[in-house]
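Residue numbers (the numbering used here): 86 to 221.
In case anyone wonders, no lab produced these hints; they're calculated from the structure. All values derive from a computational prediction rather than experimental measurement. All residues carry an ideal CB built from backbone N, CA and C; glycine is no exception. A few of these clues could be false.
[What the hints assert, rightly or not] Using C-beta positions, here's what the derived DEER-type ranges look like: (1) ALA148 x THR207: 14 to 24 Å; (2) ASP221 x CYS91: 41 to 51 Å; (3) ALA98 x CYS154: 51 to 61 Å.
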Amino acid sequence: MYCKNCGKPMEDAAVVCVSCGVPRGAGNQFCQNCGQPVMPNAFACTHCGAQVGAAPVQQANPAAKSRICAGLLGLFLGGLGIHNFYLGYTGKAVAQLILTITVLLAPISGIWALIEAIMILTGSIAVDGKGLPLRD
86 MYCKNCGKPM EDAAVVCVSC GVPRGAGNQF CQNCGQPVMP NAFACTHCGA QVGAAPVQQA
146 NPAAKSRICA GLLGLFLGGL GIHNFYLGYT GKAVAQLILT ITVLLAPISG IWALIEAIMI
206 LTGSIAVDGK GLPLRD
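Whole structure, please, built from the sequences with the hints as guidance.
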């Protein structure tokens, strides 16, 4: 084991580096596996491949649409195509809106919306109009 601050060898039982006095595991300038210098923000040592930094954190896509929200919009306002506007399916949304406005065809639009709401809530429709996955 090597000191991550100065790169000098350390005993496995050592609590601090006897060369620089830094606590074991502190520092980010050297690989603790091989003692070679590493870049400060590196994830792994380029000499031995050992992990030297924290694993990159994948963040949830803030632009992802909510599956629950889309499903509820489909249940309550689906005849107007609101859930499809929300998900980015503008063509389907306009078609549902036109069907609802022509009062005689409103039941067809309502049934269509109910089926889509169920499909959204069960995960059969899993992406929005841009192809991004829906979040829970």
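Pairwise beta carbon distance, ALA148 to THR207, judged against the given window 14 to 24 Å: At 23 Å between Cβs, range holds.
ASP221 paired with CYS91, Cβ distance criterion 41 to 51 Å: Between ASP221 and CYS91, where Cβ atoms are some 47 Å apart, the hint holds.
Beta-carbon spacing of ALA98 to CYS154 - inside the hinted bounds 51 to 61 Å or not: holds (55 Å)
Consistency note: the structure conflicts with none of the earlier hints.
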